[in-house]
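Participant: Next come the chains, spelled out residue by residue.
There are 4 protein chains.
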Amino acid sequence: MRTAQQYVDKLKSMRPNVYRDGKIVPRDDSQIMPGINVISTTFNAIQQADLKDLAVVTSHLTGEPINRFAHIHQNKDDLLAKQEMTRVLCQKVGGCIQRCMGVDALNALSVVTKEIDEKHGTEYYERFLAYLEYYQQNDLVGNCAQTDVKGDRSKRPHQQQDPDLYLRVVEKRKDGIVVRGAKAHNTVAPYADEILVVPTRALAPEDADWAVAFAIPADTEGVKLLIRSTAVRPRVRLQAPVAEIGMSDSLTIFDNVFVPWERVFMCGEWEYGGRLAALFATYHRHSYTGCKPGIADVIMGAAALVAEYNGISKAQHVRDKIADLIAVAELVYSGGIAASVKCHQASSGTCIPNTVYTNVARYHAGTHLYHEYETLADLAGGLIATLPPEADWYNPETQELLEKYIMRNPNISAENQHRCFRMISDLLCSSWGGVQQVAGLHGGGSPIMEKIAITQQYDLDLKKDIAKYLAGIKA
Amino acid sequence: MRTAQQYVDKLKSMRPNVYRDGKIVPRDDSQIMPGINVISTTFNAIQQADLKDLAVVTSHLTGEPINRFAHIHQNKDDLLAKQEMTRVLCQKVGGCIQRCMGVDALNALSVVTKEIDEKHGTEYYERFLAYLEYYQQNDLVGNCAQTDVKGDRSKRPHQQQDPDLYLRVVEKRKDGIVVRGAKAHNTVAPYADEILVVPTRALAPEDADWAVAFAIPADTEGVKLLIRSTAVRPRVRLQAPVAEIGMSDSLTIFDNVFVPWERVFMCGEWEYGGRLAALFATYHRHSYTGCKPGIADVIMGAAALVAEYNGISKAQHVRDKIADLIAVAELVYSGGIAASVKCHQASSGTCIPNTVYTNVARYHAGTHLYHEYETLADLAGGLIATLPPEADWYNPETQELLEKYIMRNPNISAENQHRCFRMISDLLCSSWGGVQQVAGLHGGGSPIMEKIAITQQYDLDLKKDIAKYLAGIKA
Amino acid sequence: MRTAQQYVDKLKSMRPNVYRDGKIVPRDDSQIMPGINVISTTFNAIQQADLKDLAVVTSHLTGEPINRFAHIHQNKDDLLAKQEMTRVLCQKVGGCIQRCMGVDALNALSVVTKEIDEKHGTEYYERFLAYLEYYQQNDLVGNCAQTDVKGDRSKRPHQQQDPDLYLRVVEKRKDGIVVRGAKAHNTVAPYADEILVVPTRALAPEDADWAVAFAIPADTEGVKLLIRSTAVRPRVRLQAPVAEIGMSDSLTIFDNVFVPWERVFMCGEWEYGGRLAALFATYHRHSYTGCKPGIADVIMGAAALVAEYNGISKAQHVRDKIADLIAVAELVYSGGIAASVKCHQASSGTCIPNTVYTNVARYHAGTHLYHEYETLADLAGGLIATLPPEADWYNPETQELLEKYIMRNPNISAENQHRCFRMISDLLCSSWGGVQQVAGLHGGGSPIMEKIAITQQYDLDLKKDIAKYLAGIKA
Amino acid sequence: MRTAQQYVDKLKSMRPNVYRDGKIVPRDDSQIMPGINVISTTFNAIQQADLKDLAVVTSHLTGEPINRFAHIHQNKDDLLAKQEMTRVLCQKVGGCIQRCMGVDALNALSVVTKEIDEKHGTEYYERFLAYLEYYQQNDLVGNCAQTDVKGDRSKRPHQQQDPDLYLRVVEKRKDGIVVRGAKAHNTVAPYADEILVVPTRALAPEDADWAVAFAIPADTEGVKLLIRSTAVRPRVRLQAPVAEIGMSDSLTIFDNVFVPWERVFMCGEWEYGGRLAALFATYHRHSYTGCKPGIADVIMGAAALVAEYNGISKAQHVRDKIADLIAVAELVYSGGIAASVKCHQASSGTCIPNTVYTNVARYHAGTHLYHEYETLADLAGGLIATLPPEADWYNPETQELLEKYIMRNPNISAENQHRCFRMISDLLCSSWGGVQQVAGLHGGGSPIMEKIAITQQYDLDLKKDIAKYLAGIKA
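Residue numbers (this note's numbering), protein chains in the order written: chain A, 1 to 475; chain B, 1 to 475; chain C, 1 to 475; chain D, 1 to 475.
Rather than coming from a laboratory, the hints here were simulated on the basis of the structure.
In this text, all values refer to a predicted model and were calculated from it rather than measured experimentally.
From the structure, some residues in chain B lie toward chain D, with a derived Cβ separation under 8 Å: (1) 316; (2) 317; (3) 320.
Straight-line C-alpha distance at most 27 Å; calculated BS3-like pairs for lysine-lysine: (4) C:119 - C:172; (5) C:172 - B:404; (6) A:404 - D:23; (7) A:172 - A:224; (8) A:155 - B:314; (9) B:52 - A:342.
Idealized CB from N, CA, C, for every residue including glycine.
Here chain A stands alone, though its shape is the one from the complex (with noise of 0.2 Å):
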């Protein structure tokens, strides 16, 4: 397993490919390096003694101890655990831990790479098993680009005016194929190893160039990041971790580039895009009931501690409040135990999450955390919106008087005060806050995805029956 150092200095070695503000940017850019904070928390998780047993498991491929983040699920325990972890790591992070995708991805291709093989007698699952193995021995950190541009939404991938909206193979050689296309909202693009690329729904028989999975160096030939970093607003003396975290997105755009068949995973099986993409947003979701109650974590204790500075934390409405936050957390939390327990084996011994309880933890942990935004916000108070900048808090002609008039709770120093209150400025009030909002209603699937998923994946039928057995309907 690597150490963040050497994760670091291999990023600064790749070939400068990302995109920033209209110039190529080196990965190791100042504003790419909170994302790169981030995912460091990962590796130096398994050298902590409260996170290496979550950190740390044996590959069932070699049976070397890997991190978890480069693991096949191999029962309902192994779920429960990156659920756990993923909650941990979030907390660390005061935000998401951006490493899932790779490992949701793996596990996604583990099991449909093995599905195509039994029908279409194809080597898939071989080449999966080889590549498997490469990045589990270089502990790397994947990005999976999934999201399509898209173009027209009410057409297919064949229909649309300019076939390349969706990602497709536009050569087939004897040593590989060539893709163009573009993929959205890539979190960890710009400073992760690989770039695996699944499809983004299902197809039918005229899309079967659209029907393509691989992954890639995020840095080979013809790709191009163009990113959007975001982070707290920087801090010149008032350090704290929370100003260390940030993430960047790419645009990714594939410009005619060459992926040799030992990556190929998924090319032409049309039938299996579905497939495949249900399965990455099922992993993906399920990773979501162990982030969001992390998040939830770190607004409800901003929540908790900013009441307790305001001496608020007394009164009902108060409490009230935060025991809905509470609520939420472990609500979807519950999703995900009940999905973990409640697992399946699929053909190739991976274990996939039950669909039903994924989703419904999705769309809960979705559709309310706007509202938790709207909690914190409303117990922090007006100053988190209207806090002078730090600057005036070291001028002289200013600091006495701010420190004089922002106490509140006469026990907290004004310095505690004052970090207290800047820390829920920057969730609530920055352009990272409006980011988090975005990808917590609509990363890993919007809302209306899981309700499509939901009512898809359930047994109304069998409901249906109740009440009509109740009725005294027969047949």
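We have chain A already, so just place chains B, C and D on it with the hints.
Facilitator: Structure of chains B, C and D alone, referenced to chain A:
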């Protein structure tokens, strides 16, 4: 294990102490029978192929097969099985299965009698085990009488103007104790074999006389059951399972009732009053994580069926609303699964479900129930409120007209459309429906009680520490 | 203007065509009387000091004083007065005042008959005015029969397998027309003088036979009223106004009914079908902006009273919930005020309330009603569902015990505590309560209908233009 | 009336006492300009055909035409006009129009100065009228500084450890008073001409020194404005109105500031502290019934536009969500209309909007705002969070690719799609968006404050009497 017939025969033999509408009625009174029908389902279950594996379990005490409604949960699988059995049985009776009260009280007593003994050197646990063996061998039905009438809610028991407003010990004799008071909302009591009494709240030293728990036959001298029976509207010709169900609740008055010592499980140990009250509540709320999804199944089944009959099942707003019903049911069920999986074992060996997951699930169920009914009404349409009475459907002057004008889906017979609407009308527009709503809200404790339990049980300091760490606040 | 007695006497003299529970019953049947009591309130109002200024208005047609329930709204003050009168009268009867249907239909007809004449040179408006004068002078009570039974909801009237599933003209004669069909949810019909029939939806050219509006006496040959009566549970001794109220709804069957031309207000002008349907809906929804706050007043009054009796009125969560009840009531009422103030005048001079405000208010009322009931149940506690029946309170064996154990607030008599809980039990746990919930949801059009009305009426392009302007998007 | 240029020129001439990021900045600092642009809109309005009828009004004092932002409301039409003007101007600037604070404070002062004089024989009202004439004639912009920093929220002003935590009179001189303290959340203060100070809460006799109201120029000696500026992200090439707006809030410190008597409007009359605080809140919340619908117009316009660009505007779930946005906007606006129509006149002749309607409307706005943002994010999709920065759109290496892959609706140019997504990204994923959310929640008083106002103002006893009447409870 008894048959349903043996259960009913025993009821008939009991001393008549049930009051209804101003007079004493026998236990097989026509208005009580719907509740008896519900309980009979739990006796029949042990012989039904699809239910017996859930309904029959091996007693840890005797090694004999017993009905699960008399079992002490030995491990998480017992808790999962109780939850699942409860859901399935509620589907069969289209509502509350009612027999859970007894098993929930037994489990709570098994824990607390042991704990009191450990502290005070008493012998309550031995007494309890003797009683449990009797209860299991006779396959009894138990009501749990917990909720005191409580008088002025801002005062403790010993502060009440009338000390009897909480049930208390008024005399201690050599052979037993005499108690006086009244317990409210005692579902099943008029058709139960036994009444198990536990305290309703935490107690202070001055409340020692109110710290009492015991079990007595429901027809014990001095016990008066003032009942209110509820059922769907009686039918003459259109028979259906939904028309056979109902429930009776009792205001149970203990008018100087003698309880022999072997039936007394707590007497004066005020510091365990809150513990026992909370434990019964926890077990009972855990039962709600099974029954509320079961009732939700009935509601969503009826909603899906009537949507199909109305020809609107493909409309997106309809599918959205069905998805919301599914989400409520399965999140609540998830909470119960998580509570079971994350249970812990008391000193008696009894397993206690996790209280946070139990309470967030029960809270979610209780605060969404009215909305579930609203959704059913929404999809069914106004006819459920204005459906002409059954007799009009058999009056030659009107029958043909009604059958002509009820037609919606030409593929469904007029009778089945009638059956569907009548069932929903009975679920929504009857005293039964109103009582189910109130019971779903308050049963096992009102939402405000669950919120209090959630905040009391939750380690909020841990979450504040996360916030402090992120903000850089030391100490 | 008539007295209540004159109104009842007239009912008694009508041809018996009301079917209940399989047989024909007279109009003063004991189960119909509760509804008659409600309507009588509107006759008594004209003599009551606090009501007569609202209830009596000058006819624009004759200059005579008339009951406002027969008035054509001439200006915004008329609309404001109708709204306020409706609220106040609903408070008096603890529910729907029921007489609004007639006045809402009259106003809609006054607009559309004029508009048809203007286009087609017909003489509907003159006929209508003659009818209106008769209606006002005889101080009549009118039911509006709008909702057809509708059969397959995905098909238009002329596409139905059975063409009678929407009411239609089956014959045109020299002296009038013959109609056949059935109208559902006709509140007040069994105790109304007149039935006013209007279409239920927009119509296509092929639907011309279904484009029909008319008014006939409720006991016209061929009309059959199949009713369902609902009231709170009958009481023997504990008399109270809430125990006197109720309502009957009719499924009204028109079995080849002859309507003379002077009573026909639309016949074949299909392009005005939707207009008339929508206008009646608008007036009726505007009435809901008065009645729903009135019913909310009853619910919040009961909630505040029982909170006082329970000793919890100072608790913050209780005050919060009461504040939420107030907010719902007054927002809905605000919507009605805004709709009145922003009304416009039709070519007939009749004032039409603003449809957007009307619909958002009705929508808000309809989607919050179940929650209002939930709040009442929440504050009242479980006793409303398990309160022993009235007779037990007069049985010497149980009376004293009941009076002892119901005591909560020592300053309130046992009888008053009983009265309070019985009223709330009747509001929540009776078929009356269930029917009120469904009526509050669907009456005047289901929420989905109001949403459609809102989006259809709203100038969304104007709002898109604002967005384009801000974004710098031209054209 | 001034021009926008005159307004800006005056700002430039003021004494520099604005602190930003650790140093003093001039009032036309680049980060303050976005807020100045917003205020300029109110000066330009008087010359725009579609706005001037709303923006210009005749002074009741001088008979001269003045800007409505300096007007004392004489009747309900003035209140309706202020509400409408506020909504329309907010649409123009895509957010808060900011100038309402001054007019709201003036109206509150007009009422209370008169009332104090009536009781105490003081001459505040005369002073106020003189000040008002000056304010109107010079067409000034006023900030209202109300919210004290408040220290320990469980203590009254005189109980605070540091008495300055509420602004107070520290010295009374012959020619005026000296005050010390700090006021928070002072939007507009760094680009206002005047600061109007009013108390923040009800006061006790011991709080007499804190009962103070006055008006001073914003650059008065001793006043320090510590500001935080917020704006959408600056743009280089893609100019648009939305990119020009912003706001600055000030923590305003009064460091022993002298106020001459002619500018003092309350000094020691503690019993009017709560009255003045509540009146300003009422006027300001009434302004919210105009601005929140205006901001909702921007959100719903953007939502409808992006739904059209995404090709999903016909989907039912999209129309449902748009309908919900409309319902929120128009219910809030209805509340303001009702509050205007049901206003009453104070002894000074000033009209005061109805407080119940005002507060329920503001409460509805405040508790739905986060959900409005959520809906916009929902319909826009994830691209708003991951849209590559503006500069990438002008980098020759990436421009063409971005324009290729942003295409959704072939009928809309890539530039316009870019414009649409960038605007929404700026509204949702920027510190501007976060500040707007917090301001929408807390501005004019947090939801809990409106709930308190609602229950305090409401005649709940009247509603209890209705319940008692229906239940048959006498006395």
